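Colleague: So you can see what is in the structure, the chains are spelled out below.
There are 6 protein chains.
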Amino acid sequence: MPNIADAILTGDTADLYFHRTREILRREGLDPVVTMEIFPSRDGILCGIHEVTRLLAAVLPHDAQVWMLPEGAPMRAKEIVLRIRARYSTFGLYETAILGMLASSSGWATAAHRIVQAAQPVPVISFGARHVHPNVAAQMEYAAIIGGCSTCATPAGARLAGKQPTGTMPHAMILIFGDTVRAVQAFDKWMPPDVNRIALVDTFRDEAEEALRVAQALGDRLWGVRLDTPSERGRVTPDLVKEVRARLDQAGFPHVKIFVSGGVDLERIELFKREGAPVDGYGVGSAISGAPPIDFTGDLKEIEGKPIAKRGRIPGITPNDRLQKWERA
Amino acid sequence: MPNIADAILTGDTADLYFHRTREILRREGLDPVVTMEIFPSRDGILCGIHEVTRLLAAVLPHDAQVWMLPEGAPMRAKEIVLRIRARYSTFGLYETAILGMLASSSGWATAAHRIVQAAQPVPVISFGARHVHPNVAAQMEYAAIIGGCSTCATPAGARLAGKQPTGTMPHAMILIFGDTVRAVQAFDKWMPPDVNRIALVDTFRDEAEEALRVAQALGDRLWGVRLDTPSERGRVTPDLVKEVRARLDQAGFPHVKIFVSGGVDLERIELFKREGAPVDGYGVGSAISGAPPIDFTGDLKEIEGKPIAKRGRIPGITPNDRLQKWERA
Amino acid sequence: MPNIADAILTGDTADLYFHRTREILRREGLDPVVTMEIFPSRDGILCGIHEVTRLLAAVLPHDAQVWMLPEGAPMRAKEIVLRIRARYSTFGLYETAILGMLASSSGWATAAHRIVQAAQPVPVISFGARHVHPNVAAQMEYAAIIGGCSTCATPAGARLAGKQPTGTMPHAMILIFGDTVRAVQAFDKWMPPDVNRIALVDTFRDEAEEALRVAQALGDRLWGVRLDTPSERGRVTPDLVKEVRARLDQAGFPHVKIFVSGGVDLERIELFKREGAPVDGYGVGSAISGAPPIDFTGDLKEIEGKPIAKRGRIPGITPNDRLQKWERA
Amino acid sequence: MPNIADAILTGDTADLYFHRTREILRREGLDPVVTMEIFPSRDGILCGIHEVTRLLAAVLPHDAQVWMLPEGAPMRAKEIVLRIRARYSTFGLYETAILGMLASSSGWATAAHRIVQAAQPVPVISFGARHVHPNVAAQMEYAAIIGGCSTCATPAGARLAGKQPTGTMPHAMILIFGDTVRAVQAFDKWMPPDVNRIALVDTFRDEAEEALRVAQALGDRLWGVRLDTPSERGRVTPDLVKEVRARLDQAGFPHVKIFVSGGVDLERIELFKREGAPVDGYGVGSAISGAPPIDFTGDLKEIEGKPIAKRGRIPGITPNDRLQKWERA
Amino acid sequence: MPNIADAILTGDTADLYFHRTREILRREGLDPVVTMEIFPSRDGILCGIHEVTRLLAAVLPHDAQVWMLPEGAPMRAKEIVLRIRARYSTFGLYETAILGMLASSSGWATAAHRIVQAAQPVPVISFGARHVHPNVAAQMEYAAIIGGCSTCATPAGARLAGKQPTGTMPHAMILIFGDTVRAVQAFDKWMPPDVNRIALVDTFRDEAEEALRVAQALGDRLWGVRLDTPSERGRVTPDLVKEVRARLDQAGFPHVKIFVSGGVDLERIELFKREGAPVDGYGVGSAISGAPPIDFTGDLKEIEGKPIAKRGRIPGITPNDRLQKWERA
Amino acid sequence: MPNIADAILTGDTADLYFHRTREILRREGLDPVVTMEIFPSRDGILCGIHEVTRLLAAVLPHDAQVWMLPEGAPMRAKEIVLRIRARYSTFGLYETAILGMLASSSGWATAAHRIVQAAQPVPVISFGARHVHPNVAAQMEYAAIIGGCSTCATPAGARLAGKQPTGTMPHAMILIFGDTVRAVQAFDKWMPPDVNRIALVDTFRDEAEEALRVAQALGDRLWGVRLDTPSERGRVTPDLVKEVRARLDQAGFPHVKIFVSGGVDLERIELFKREGAPVDGYGVGSAISGAPPIDFTGDLKEIEGKPIAKRGRIPGITPNDRLQKWERA
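Residue numbers (our numbering), protein chains in the order written: chain E, 1 to 329; chain W, 1 to 329; chain R, 1 to 329; chain U, 1 to 329; chain S, 1 to 329; chain P, 1 to 329.
A couple of the hints might just be wrong.
Chain copies aren't distinguished; within one or between two, either way the pair holds.
What the hints assert, rightly or not - Cut-off 30 angstroms, straight-line C-alpha distance, at most; resulting in silico cross-link-like pairs (DSSO-like, lysine-lysine):
hint: 1; residue 1: 189; residue 2: 325
hint: 2; residue 1: 242; residue 2: 306
hint: 3; residue 1: 273; residue 2: 189
hint: 4; residue 1: 163; residue 2: 306
hint: 5; residue 1: 78; residue 2: 273
hint: 6; residue 1: 78; residue 2: 242
hint: 7; residue 1: 257; residue 2: 325
hint: 8; residue 1: 325; residue 2: 273
hint: 9; residue 1: 242; residue 2: 273
hint: 10; residue 1: 78; residue 2: 189
hint: 11; residue 1: 325; residue 2: 163
hint: 12; residue 1: 325; residue 2: 306
hint: 13; residue 1: 310; residue 2: 325
hint: 14; residue 1: 242; residue 2: 325
Hints are computed from structural coordinates only; laboratory data are not their basis. Keep in mind the model is a prediction, meaning the values are calculated, not measured.
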């Protein structure tokens with residue numbers, strides 16, 4: 001697991017007013033034991049709590065108490081997912097970072113969860129690293145797997161989640177070889193035997209035609225084809241999948257699987273399912289990586305054991321039987 | 001400027017298939033000069049190109065050629081914003097990172113731009129670090145400033161954009177002091193004179209009542225009040241701002257400014273403007289930080305000077321007079 | 001029960017053409033026994049039939065026959081709710097008045113019925129006298145009670161319906177005392193013991209703060225608080241009710257009830273119920289008092305025992321088993 | 001003008017809490033001079049202010065001050081239409097009555113205004129007494145005339161507004177005579193010469209056929225016909241008016257006017273205008289009488305000359321140059 | 001049954017490119033046995049297959065094989081309804097004609113089917129010949145009967161479907177006689193006894209009045225009345241049917257049926273049913289005759305026994321158990 | 001021009017009641033000179049009046065008078081487009097045929113007109129014969145040309161309109177040849193030189209690839225390509241047209257035109273125009289052939305010179321300056 005970045009530990013990414021608050025309380029000699037509760041603004045899948053734990057382990061004293069829901073747990077709007085009881089000076093500065101870790105990761109995991117539910121039993125792979133900043137690409141792919149994806153395309157993300165990354169081949173490679181079959185044959189020649197041979201079949205010619213050409217060239221060694229038809233050509237349609245399936249079967253290649261990528265989202269997967277398209281796997285990009293974060297809020301609910309709250313909130317801790325006491329490793 | 005992370009330079013956050021492509025082409029002895037063009041999927045404000053430049057400076061050989069639009073430029077859907085001409089082996093692995101840097105940052109800058117346009121001449125400050133992962137919090141705040149925000153709340157983001165961060169005080173500080181006036185007085189006592197005194201006035205009592213209490217306590221030293229009424233109490237409304245303004249004026253505090261935060265977004269700002277609410281500044285959080293990334297795509301358009309393209313795209317480079325040739329520093 | 005106004009008995013509020021008709025028929029020596037049937041244009045709750053009865057008792061000869069549905073009965077569009085058989089000269093002039101008595105009252109009762117159904121088991125009180133002409137305020141409140149309201153705010157309306165009126169205190173009283181607690185204490189001091197002490201708690205300070213203050217001041221003698229937050233402050237929200245409930249309970253005042261008023265209508269009550277807000281009573285104003293009247297129509301269906309009708313209607317009486325023969329008191 | 005009813009003067013139609021307030025203030029010896037301002041919730045035509053004046057004249061002491069907009073004035077949402085400065089004890093009890101007098105009348109006048117605007121230059125007559133309680137029938141018809149109607153059908157309403165009432169004949173009279181021509185001849189025989197002869201022509205036969213029959217029977221003495229086709233027969237349509245006009249003209253009766261009634265509302269009048277139907281007058285019923293009241297609100301804004309307001313309102317009087325100082329007659 | 005028109009057999013109505021194809025294939029000496037399959041673009045009722053059979057009988061050699069669904073069968077979108085296996089030269093030219101025969105007729109039959117379903121058990125008669133070109137009037141009426149209509153108005157259409165045509169009388173006849181009763185009496189005098197006497201009752205006077213007049217004139221010989229009120233008079237309404245029924249029953253003519261025509265369509269029939277109007281038969285015109293055709297497509301799926309298809313279709317025949325082998329008469 | 005069919009002249013396609021009317025009038029010895037006026041139910045392009053003229057020329061006596069709008073004239077709803085004055089017996093029977101001739105043809109011409117307006121200056125060709133009954137295919141194509149189409153696909157339709165038909169090649173021919181280039185070469189070899197060589201390029205391979213292949217095979221003799229991508233492959237998109245245009249231009253074939261067919265309708269053409277797709281011609285099928293007919297109505301308006309009308313219509317002729325007196329050839 002990567003360490004917590006220095007900029008986070010120094011509070012450089014914290015909102016300025018937390019710095020000021022720490023300074024003022026220090027000068028006033030105020031440092032009560034407080035209880036903070038954190039909750040999401042909408043329903044979803046909690047993700048990022050592992051990373052929060054690593055941050056808390058680095059900053060909290062040993063007498064601090066923490067309760068939380070486990071990574072990947074479903075959560076309801078306004079349900080308490082994390083409760084911290086410690087002196088304010090030990091963690092007040094990290095409120096911004098804690099909320100931010102949960103916000104993005106839970107947003108991605110929640111989107112992935114909905115898509116995986118819609119697609120099942122067909123597996124979904126996260127392909128969206130190209131749509132987020134590389135500083136969080138690994139976290140995004142990890143969250144997608146927490147949300148239910150089988151695995152992802154980047155080594156960094158797969159390592160975080162304890163999975164093997166996966167991938168096929170980019171259009172660039174086929175363009176450089178100048179022919180799909182030549183590119184696939186080179187792939188087959190140089191890749192280790194445990195890498196599945198999956199041919200991208202929409203670069204130069206009609207998808208069904210290319211699918212048959214690569215199947216004839218590789219025979220039993222071809223594991224599958226990937227359809228990624230661009231929107232300029234009408235995207236991958238359920239009928240295209242059916243036709244490629246039928247043509248592969250008629251030509252004696254029933255073992256060749258069909259993977260679909262390119263603008264795949266919830267609506268698209270529901271369409272493929274409704275129309276009975278024989279898809280063997282989906283690659284999903286911005287429908288997961290571009291999911292909106294889920295906003296989290298942290299509220300002080302007790303000060304030195306006394307219930308308190310700002311206007312609009314109910315003073316005192318909010319009971320939640322699902323919370324688990326955190327034990328430091 | 002922070003350096004490009006090692007995980008990016010080693011390709012750890014790249015899609016697996018780029019690793020495989022690099023390996024296969026190396027074994028086949030293929031390494032042509034290629035031209036890649038990169039374009040967004042929708043209109044917006046380009047952001048992240050500075051960071052891309054730093055990555056390219058670290059990896060490209062000196063005979064490589066690069067053209068780009070400047071940071072902060074408006075861009076149209078499918079317009080070429082970046083063109084790279086170099087041997088494929090020198091940059092093919094970084095396609096994921098380049099696209100990702102542009103995707104998130106341009107999404108944030110574009111959202112900020114729309115909100116700032118709607119609010120002007122009233123300034124907007126980015127407050128959303130708590131809603132994104134801290135690994136990209138600085139980039140998000142930087143992008144918000146590129147999109148037009150006056151400044152932001154985190155030191156890291158403000159430093160990236162060459163600005164001073166800003167902030168008021170959190171509810172936690174007021175809760176710990178147990179009274180808004182006491183907290184504001186402590187803030188006034190300990191903060192350096194160049195920090196504006198802005199009191200958060202919705203924690204314990206009615207906003208108008210608290211605004212008058214802090215104005216009477218600090219007199220001319222009070223620079224402004226911040227209204228952050230939670231949704232449980234109906235959020236900040238245009239009428240509330242008008243009333244607080246009127247009560248402050250009637251009590252002899254016309255110099256005290258009014259800042260509005262809490263769920264502020266495009267629709268909300270348009271409502272405040274339409275109703276003529278006398279707002280002096282907005283703090284905007286998830287309406288910027290939660291903006292969806294803008295997907296970018298990279299296409300090979302020439303190989304060894306010959307136009308090429310995959311199906312669905314037009315072979316050869318796409319002219320764009322607005323592109324500027326990149327000169328290495 | 002008030003007497004039928006002279007202006008009605010003299011026909012001063014009758015349409016002019018009924019006067020002319022009476023004059024012409026008299027001069028022609030025509031005065032047949034006719035049967036008139038009256039029906040509503042839409043479904044609802046019949047109200048006003050008591051008042052019609054009083055009018056008929058004052059004008060009809062003893063051999064006249066009348067059938068009707070009882071006050072408060074549900075009725076269907078076009079269902080006959082009243083049938084009068086008498087010489088035309090004895091009641092023709094009162095058609096305008098009879099239809100009008102039923103129109104407004106049935107409109108109010110129908111609206112009240114829907115609101116009461118939505119709110120149950122929480123009681124609803126009619127507060128809308130300020131929204132109708134005082135000449136009909138009593139009838140409106142009476143109709144609201146026929147439709148299911150527990151009682152109403154005006155003595156005149158309550159008397160008509162045989163109920164005790166109810167009420168709390170207006171904003172004006174609190175403004176004059178200058179402080180909610182002082183006003184409530186004065187109320188408590190001077191009101192007879194059987195009047196429930198209900199404090200209005202949104203005049204000067206935050207609702208939750210005021211609720212606690214009046215609870216502390218009156219202790220067990222406080223029966224409830226009324227929330228009437230204006231729209232400028234976001235109206236009463238379900239979360240506000242929950243918070244006030246929690247703060248009262250935490251402070252040891254679980255016996256204090258919470259009443260909600262201010263723009264309460266069908267949608268609002270459904271929202272409170274859906275969100276589980278612990279409301280103990282609703283005060284409803286213009287959602288009842290502003291209900292559109294239900295138009296009624298009167299048709300001659302027999303003349304001297306012979307079926308007749310104008311074009312568009314079916315000649316002869318329309319059977320309705322639910323009608324009851326009217327017996328004069 | 002009728003006197004203010006005793007039940008209003010005694011406060012019998014006032015909300016109970018005003019009684020209590022009066023009692024309490026009296027016992028406390030509190031009776032400040034207060035300023036109350038009254039404003040509507042939406043745009044419209046102010047009506048009822050004459051009646052309010054009569055009430056105020058009966059209850060206010062001579063040193064009271066009152067400002068108001070004149071009867072029939074257009075008013076904007078939240079514009080102050082009435083301001084009363086006097087000891088609270090002298091008028092606090094009448095708040096319910098004042099608001100109610102304005103609410104219904106302004107609602108009717110506003111609806112009438114819109115309909116009259118749409119119909120002009122064709123005159124509109126108020127026919128809706130049958131759709132409201134007879135106790136308010138005269139006020140409704142008066143308000144309709146304030147809103148722009150030429151006159152109305154009830155003597156009481158017309159007298160209030162200083163107009164002559166108008167009318168034709170009911171279906172009942174024709175049904176009793178058994179033939180439209182016979183009824184019209186009787187009407188012609190017995191009515192004074194200054195009453196316009198307008199025949200209702202949809203009772204027994206086709207409207208065009210009856211129109212010609214009555215025109216032939218009365219010749220030059222026929223002033224007009226009224227079309228009132230019921231919805232069971234498709235209502236009066238623009239084409240029917242055109243056809244009746246054409247048939248009357250072809251038969252030599254161009255002087256006979258055509259009046260339209262029966263479900264006439266704003267949309268219907270716009271339809272007739274758009275289609276160019278040659279209508280000479282409209283009778284409008286529930287589209288005016290069933291108009292929703294306009295809610296009015298009264299706020300105390302000064303007590304003993306000092307600005308004050310409840311939360312959500314701005315303390316002190318709200319300037320309005322259009323207000324006129326009331327001089328007692 | 002009429003013969004297939006010469007212009008069809010000569011291919012004069014065929015798309016030009018089929019001519020060219022035939023010519024080119026002939027010159028190339030190419031004439032394989034091909035299998036063509038034909039399917040509709042949406043669900044509906046198949047109609048026109050009889051006529052297609054007559055065309056095929058005229059052109060196909062005896063060794064050709066044909067499978068089809070029967071006339072009037074329900075069919076699903078994309079279901080194969082016709083399969084032809086023969087040398088291409090023998091039927092390729094007729095693809096346009098075959099598809100066209102099915103397109104219009106199936107469109108009409110499908111619309112009729114929906115209307116008949118909605119109306120049942122009340123019978124529906126096709127009246128729409130006036131809304132289509134007379135060259136196809138007979139096919140349209142035939143298709144309407146295949147779709148479920150009881151019969152139709154034109155002798156040509158009825159003959160095609162083996163039915164007796166039906167009809168009443170046009171407005172023109174009544175206008176010429178100058179009186180409905182006179183026209184009906186003439187009809188009764190001259191028509192053979194087996195023709196039902198159905199009077200059109202909306203020409204000169206009110207429908208109910210005329211219905212009674214013709215019933216009194218013809219007595220038991222009157223079979224029914226037809227209501228055809230034009231839109232200028234509000235069309236036939238459910239209430240009009242109820243009233244005419246009631247007036248006929250009250251006058252002793254319960255045996256007289258009521259037929260409704262004039263703008264009758266699916267929505268209208270559903271309205272009549274919902275309102276319980278006692279209709280004895282509907283005459284439907286443009287709701288059937290103006291139905292959009294159902295597009296059919298013909299695909300070659302085998303050539304000399306080998307599966308084939310154009311892109312987008314699956315090669316080889318598509319199984320359909322419902323197809324019946326065609327046996328030449 | 002084809003002759004009017006016997007079935008029309010004998011009245012076999014007339015509504016039965018016209019036969020009966022004729023019979024009855026004859027027996028009564030009634031045969032007045034009548035004036036019938038015919039008008040459409042909605043705005044559009046008049047078509048079919050030539051054919052009506054031929055029918056009238058065959059049946060009317062020489063003293064009959066006829067006025068009409070010319071073929072192709074724009075017409076307004078309810079505008080008189082045809083007026084016939086003659087003895088009823090000479091044309092009463094043909095009312096069904098006359099209305100039907102105008103209904104379908106005007107529907108088609110009106111739809112074509114809208115599509116041609118949207119496409120201009122790009123020409124539109126009618127391809128829809130396959131979607132209507134072959135008995136009316138020629139009239140449909142003729143009407144499409146009256147509405148503005150350049151020409152059509154069937155010889156019969158083109159002949160009616162005095163045009164040359166046009167066409168390319170069907171998928172069937174290419175499937176039989178087994179290769180697009182072979183089929184196109186055969187076409188080129190055998191077709192006369194004045195036939196444009198237009199290759200259909202979506203049968204076996206990617207459209208852009210096939211377009212280049214046929215261009216290379218035929219060189220300057222290739223006039224154009226036709227894109228007809230089926231919906232299973234996303235239909236023809238604006239981007240596909242742009243790409244094929246770019247690839248043809250890059251390969252040195254700027255002279256090759258691009259024609260688009262397959263589900264082309266008004267919305268689709270507007271999309272192509274909005275996106276700037278370089279289309280050289282559209283083939284439109286069911287968007288014209290499936291257009292709903294425009295209903296026409298015929299009314300008797302004079303009998304022996306005396307104004308008359310049925311209920312709902314205004315007696316006497318309706319003036320229309322645009323009508324032209326018909327002079328027999």
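Colleague: Now look at each hint and say whether the structure bears it out.
Modeller: Results for each hint:
no.: 1; hint: 189 / 325; verdict: neither (53 angstroms within a copy, 40 angstroms between copies)
no.: 2; hint: 242 / 306; verdict: between (65 angstroms within a copy, 19 angstroms between copies)
no.: 3; hint: 273 / 189; verdict: neither (35 angstroms within a copy, 48 angstroms between copies)
no.: 4; hint: 163 / 306; verdict: neither (46 angstroms within a copy, 40 angstroms between copies)
no.: 5; hint: 78 / 273; verdict: between (33 angstroms within a copy, 18 angstroms between copies)
no.: 6; hint: 78 / 242; verdict: between (44 angstroms within a copy, 14 angstroms between copies)
no.: 7; hint: 257 / 325; verdict: neither (45 angstroms within a copy, 37 angstroms between copies)
no.: 8; hint: 325 / 273; verdict: neither (41 angstroms within a copy, 34 angstroms between copies)
no.: 9; hint: 242 / 273; verdict: within (12 angstroms within a copy, 32 angstroms between copies)
no.: 10; hint: 78 / 189; verdict: neither (55 angstroms within a copy, 36 angstroms between copies)
no.: 11; hint: 325 / 163; verdict: within (28 angstroms within a copy, 42 angstroms between copies)
no.: 12; hint: 325 / 306; verdict: within (21 angstroms within a copy, 58 angstroms between copies)
no.: 13; hint: 310 / 325; verdict: within (26 angstroms within a copy, 47 angstroms between copies)
no.: 14; hint: 242 / 325; verdict: between (51 angstroms within a copy, 28 angstroms between copies)
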